[in-house]
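Going down the list, the protein sequences come from chains A, B, C and D. For the first sequence, our numbering begins at 1 and goes up steadily by one. For the second sequence, our numbering begins at 1 and goes up steadily by one. For the third sequence, our numbering begins at 1 and goes up steadily by one. For the fourth sequence, our numbering begins at 1 and goes up steadily by one.
Just so you know, not all the hints are guaranteed correct.
Put simply, identical chains are the same to the list, so a pair is met inside one copy or across any two.
Unchecked claim - Below 27 Å or equal to it, Euclidean Cα-Cα: the simulated DSS-like pairs (lysine-lysine) are:
1) 208 x 353
2) 48 x 17
3) 122 x 3
4) 3 x 17
5) 238 x 355
6) 239 x 60
7) 379 x 116
8) 116 x 3
9) 144 x 355
10) 3 x 379
11) 241 x 208
12) 283 x 238
13) 385 x 208
14) 181 x 385
15) 60 x 353
16) 17 x 55
17) 239 x 283
For the record, the hints were derived by calculation from the structure and aren't laboratory data.
Protein chains: 4
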Amino acid sequence: MPKTLRIGMIGYKFMGKAHSNAWRQVNRFFPDLPAQVELDTICGRNEKAVEAARKSLGWKRAETDWRAVVDDPSINVIDINTPNDTHAEIAIAAAKSGKAILCEKPLARGVGEASKMVAAVKTAKVVNMVCHNYRRIPAVALAKRMIEDGELGDRIYHYRARYAQEWLANPEFPLVWRLQKKIAGSGTHGDIDAHIIDLGRYLVGELKEVCGMMETFTKTRPLWEEGTAPPSAQKNGKKGKVTVDDAVSWVGRFKNGAVANLEATRFAWGRKNNITFEINGEKGSLFFDFEDMNRLKYFRAEDAQHRRGFTDIIVTDRVEHEYVGNWWPPGHIIGYEHTFVHTIADFVRAVAKGKSVHPTFEDGLKNERVLDAVEESAKTRQWVKV
Amino acid sequence: MPKTLRIGMIGYKFMGKAHSNAWRQVNRFFPDLPAQVELDTICGRNEKAVEAARKSLGWKRAETDWRAVVDDPSINVIDINTPNDTHAEIAIAAAKSGKAILCEKPLARGVGEASKMVAAVKTAKVVNMVCHNYRRIPAVALAKRMIEDGELGDRIYHYRARYAQEWLANPEFPLVWRLQKKIAGSGTHGDIDAHIIDLGRYLVGELKEVCGMMETFTKTRPLWEEGTAPPSAQKNGKKGKVTVDDAVSWVGRFKNGAVANLEATRFAWGRKNNITFEINGEKGSLFFDFEDMNRLKYFRAEDAQHRRGFTDIIVTDRVEHEYVGNWWPPGHIIGYEHTFVHTIADFVRAVAKGKSVHPTFEDGLKNERVLDAVEESAKTRQWVKV
Amino acid sequence: MPKTLRIGMIGYKFMGKAHSNAWRQVNRFFPDLPAQVELDTICGRNEKAVEAARKSLGWKRAETDWRAVVDDPSINVIDINTPNDTHAEIAIAAAKSGKAILCEKPLARGVGEASKMVAAVKTAKVVNMVCHNYRRIPAVALAKRMIEDGELGDRIYHYRARYAQEWLANPEFPLVWRLQKKIAGSGTHGDIDAHIIDLGRYLVGELKEVCGMMETFTKTRPLWEEGTAPPSAQKNGKKGKVTVDDAVSWVGRFKNGAVANLEATRFAWGRKNNITFEINGEKGSLFFDFEDMNRLKYFRAEDAQHRRGFTDIIVTDRVEHEYVGNWWPPGHIIGYEHTFVHTIADFVRAVAKGKSVHPTFEDGLKNERVLDAVEESAKTRQWVKV
Amino acid sequence: MPKTLRIGMIGYKFMGKAHSNAWRQVNRFFPDLPAQVELDTICGRNEKAVEAARKSLGWKRAETDWRAVVDDPSINVIDINTPNDTHAEIAIAAAKSGKAILCEKPLARGVGEASKMVAAVKTAKVVNMVCHNYRRIPAVALAKRMIEDGELGDRIYHYRARYAQEWLANPEFPLVWRLQKKIAGSGTHGDIDAHIIDLGRYLVGELKEVCGMMETFTKTRPLWEEGTAPPSAQKNGKKGKVTVDDAVSWVGRFKNGAVANLEATRFAWGRKNNITFEINGEKGSLFFDFEDMNRLKYFRAEDAQHRRGFTDIIVTDRVEHEYVGNWWPPGHIIGYEHTFVHTIADFVRAVAKGKSVHPTFEDGLKNERVLDAVEESAKTRQWVKV
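Using the sequences and the accompanying hints, generate a full structural model.
Written out as structure tokens, the structure reads:
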């Protein structure tokens, strides 16, 4: 095991910015990690753009051919942040090359690709992880611990989650690439429903069957002048067809008997990045809202009846709350980017130990199975087994 | 049209208490009503109990035979608060007798009965109303007005509602009559899902198709010593079978294209009487929570972007907000019982005018159609047209 | 002890409406009271107006001379709702006449009058109570119980309260009588600061010394066309002088060492009837907000550290929470008017027992001492002992 | 003007960690800054500890003599994070040496020292700033903009602020150095009251006069085993005297006529780092709570009356909201440490321009004047002019 992990990162846009920050910060705020990371190579197709990214994000070398990075024997870790259609190819090559792999979610474009990726990392026996960063929000980690400690009781009755954004509610918002199936693969479902599916599997368990619907509210939108910033940037007058889902809404059953109700939409004015979930169990309930991500609400049925209620836990304690004590004193809240630092801290520990940590590619595959089942259900108007 | 309306009320338990209070209060707080009401006759099968109720609830006469009340020519209004299995018979007789009729929700035990009731009131041309009291929460009335005024825009995208209670989350809670199909007809679905269906129809429009599931989490429960207070009152050791649904969860489409997502449960610790809904439209969003029933939250997309957000409207203004100005100054909140007073105030006006006011028996029938469709969908595991 | 208490109520405006409702409702919702109340006589100076009030508020007889009511041997209770400048005279006469007395707050126009009233009820040995209705909000009653049970620990560190309204923030609001010292006696201080002083004394204890300031932000206002509704009703162009305080802000020490910080204002846009207090003790904290009056927030230091936080108690339990179980099931909230019903329920019990219940005239006098001390402090710019 | 600013940072504990992070992050997230910063030298008295800090915080060189740093001609900026008693000496030397200076708050131990520091930077004409990081919370920056834009109207009526923490509520918490006057200078007043005074001056204006009290609730505490972590680390049995204030509570008047009410305490269980303020003006109100630091609540009196209320603004818009657009998309919240990055971004711009930016040393001096006035008022029990 090297004391230093040299990172090769493929892709450098939104997620590249978030991951680079996490690689830069992780040793500073998690001083007890068993390895130091080194931001070695950043890789992208556009030479000029990747060089600019290298400078602004703090990497040593820039590269335009991802195969060169994957094959470089001095690199220990491949971090994949490219569009979804390239995840499988890069990851499988990286596995063959014996690298530890961190891959942005969703793992792949469906069960087919994901299965191959799982097979590749198993054969190669390399450490692997899907970057579902929301698992390592301290409040979510606390929810997990409380459920495992039995603070909701032996049985879970309900998992109800919504991921709501607002940016498509305006029908004049243009036809950006995320709204075109051939580029994006899917819409709201694959992009944000995927997150609350992963949280449900993490906190409650595996799903048994699902039934739901997908909807495209705004069927055509103004064509988009690529490279310019929406919503203003529209090609004069012309419209094109939206080929992905705007919203998805579904019900289901977990294997342990809990009822699932999930919804994802980008048509909810006022909801910026609003992930909410509520879990109801035999002995209590939990509620989380990402827009207040430093808090977890907990109802404990065993509390004295005259003073029972939802307790608003500010999850910032140094000792009792995972991850967050590495930052600042209680009540000094953290934000979105920290979830990536936490994810990468655990990934570094996993690489050092040579043992994968959740969510593994196997988890990514299981998420794909749920995503595919919901999509099939929406098409066939039937319940579908996961 | 009489200046005085003499009321005959059939049934005297929980709803009897709420309705009696409303009849007593309505002329005091709505001094501009076109008629005075008189709490004439209260009716129930148990002579002793109904006499006690007469005294405590403030009625002139007690009666044990509902037919005598319905036939009494001095009575103008029949108010039905009996168990669901008797609504149809009483209402049809009252219609034939030419009385104005207020009937507690749900209107009937299904579409069959409800259709006959609608036919009866149409034939008799009597004023009729289902008591869906939540329509006249001032915050809900404000939501209705804002939607009609176009403050959400021309299109509604989402109606998402939940009615959650907690009293069955404890598996030791006994098998009370509400959990037995032969007595109660249905469980959570007919009792509380019915309310959020009615609100959806009121605020958003008619449903086109539905698909969902029903679940009984706790299949057997301790037998209940009738007449004693749960949860403590259990017959030693023995258990019986729960024959109704504990929870219902479903998705659907409104005729206007909006997506519906509804859930009702009694297994949500910490949720006492938690009716929440969110409506997302082209120009804004509305959010309501019954446990904060004097408030409505509104996001207005047209507001200046730097100060946009959900506005927490305290719905207690004398002039601008319906109903509530009849009570106390702004900020002096009202509660559950007031919704019945508002309902009855509008009903009195309707009777005085001879013209029914929403929700009519026709609305009650439409609600039954949705309830039946969801139930059929849960059984057949298919989408069902409403 | 009479089984029936005949009530004579002097004054019939805002408080008369609230008290009449409470007298009408109290036996209906508190069926175990030891006496029945009878709304016997309502009294006011304007014959026509009092007769209209008699009808609309539900009293048997109307009277224009309060002395006739006080002297009527068939009357058991005198309920005083008149302007502050008449409280002392009526109450002293009622005491001499041997009546039980309920008097609206503030008890008097200062310590001088209040002392005489206390002397009168002591000499006459009559049951007496000041109507500080906020003490009997179920959430406030719960706070009291929790403090007495030691749930905040042996020591209280802070009592911080604010009573904020908005109706004077608009400088064009006219010079109504409440803004004229010769009629109103005082402004925000006597009217609403009085309430949070009473709550502080009830929950924390007696004050030792105070120091503060009073402010009149808007020194002149448009003259008001009496009898018309503000804010529109202004006499053309002319302005008059505001002679009372708009806001009061002060600090102090309780005898038990707790620090007091109180503020009352009518210049806080968005705050309708916003009474908030926070109490910090050795083992926990309590927070209350009247605009959410069915809730109490409690932080319990002894809870496990990973799940500590402010617990949002919905104070609507049938058994565990005082008063509220007489109304509706859990989660079915109550409102402003119910606090008067609770107050009067306890007063009826007190009259039946012949033993006064808090807050007595003695409490009213102690409140006046604090009010006077703050006012003196604002004038002398010094600390003042209470 | 150098394209590169070489930073010398004196002090390396809590604030050193926060400032180092900000220096490291500032060019990454504010790519348009006119200069690059270089973390050149970190300085502290303990050679071993400062070397460890150098490594973990990312500085090039470590130094134990602050004079050597101040005199080093290759250093452009001195960043002072040492205990308060050394601010003046270091800052005055740095000014003489012609460095730009960033100094942690409070600027000094009182008006005397602060005046000398102001004189020094004026004489030397060096760029200077006090690090009051809370001014650059995006929600606070928005509040400032809205007030300047007149969104609260021409007049401010009230500034009400509280800074509440909980860590001293437990009487067994030991006598750490912050509770000893000879080391800490002052207690809650200088440490946290200072923050809400600065925010008041920033948002509302200069204070005219103040009157208040200070309190030490727990007069003796267990002696503390230095170097070990409270609260457990106590020397057996013995107690020592607390020589600073535990809480401060005061009222005052701004020059523009607004009323001030401020309170700071460490005895409020459940309040972690709870800075709240409310500002009421002629046309609206603002409310802020640091524990929800990404939000600002605004009541706008001019909104249509039926939909007026406090609007919960999530201050994360790319374009409309200052600073925050440099980080992540809307709804992806930021945390405590970002306020330092924002402060330092503005400071870098100021150094590049050669023109100081608020809050300058002059502001620091004005804050000291208020702090001293409150302290004098608490001693003399009188109002004190600022």
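**Request:** With 27 Å as the alpha-carbon cut-off, assign the pair residue 122 and residue 3 to within, between, both or neither.
**Result:** within (24 Å within a copy, 51 Å between copies)
Intra- versus inter-copy proximity for residue 17 and residue 48 (alpha-carbon distance at most 27 Å):
Only inside one copy: residue 48 and residue 17 sit 17 Å apart there, 35 Å across copies, limit 27 Å.
- Pop the pair residue 3 and residue 379 into one bin, within, between, both or neither, using alpha-carbon distances up to 27 Å. neither (51 Å within a copy, 59 Å between copies)
For residue 60 and residue 353, with the copy left unspecified, which applies at a CA distance of at most 27 Å: within, between, both, or neither? within (26 Å within a copy, 31 Å between copies)
Alpha-carbon proximity between residue 208 and residue 353, which holds within one copy, between copies, both or neither at 27 Å: Neither, since 33 Å and 56 Å both go past 27 Å.
Notebook entry, point to check: Taking 27 Å as the upper bound on the Cα-Cα distance, should residue 238 and residue 355 be classified as within, between, both, or neither?
Noted result: Answer is neither: 53 Å inside a copy and 50 Å across each miss the 27 Å cutoff.
Quiz item: Is the C-alpha distance from residue 17 to residue 55 at most 27 Å within one copy, between copies, in both cases, or in neither?
Solution: both (12 Å within a copy, 24 Å between copies)
- Checking residue 3 and residue 17: alpha-carbon separation at most 27 Å within a copy, between copies, both or neither? Result: close both inside a copy and across copies, 25 Å intra and 24 Å inter.
Homo-oligomer pair classification [residue 3, residue 116; C-alpha up to 27 Å]:
neither (31 Å within a copy, 51 Å between copies)
* Indicate which option fits the pair residue 144, residue 355 if close means a Cα-Cα distance not exceeding 27 Å: within, between, both or neither. => Only inside one copy: residue 144 and residue 355 sit 21 Å apart there, 51 Å across copies, limit 27 Å.
At most 27 Å between C-alpha atoms: does residue 181 with residue 385 qualify within a copy, between copies, both, or neither?
within (25 Å within a copy, 30 Å between copies)
How would you classify residue 385 and residue 208 at a CA-CA limit of 27 Å: within, between, both, or neither?
both (6 Å within a copy, 26 Å between copies)
The structure fails to meet hints 1, 5, 6, 8, 10 from the earlier list, while all remaining hints are met.
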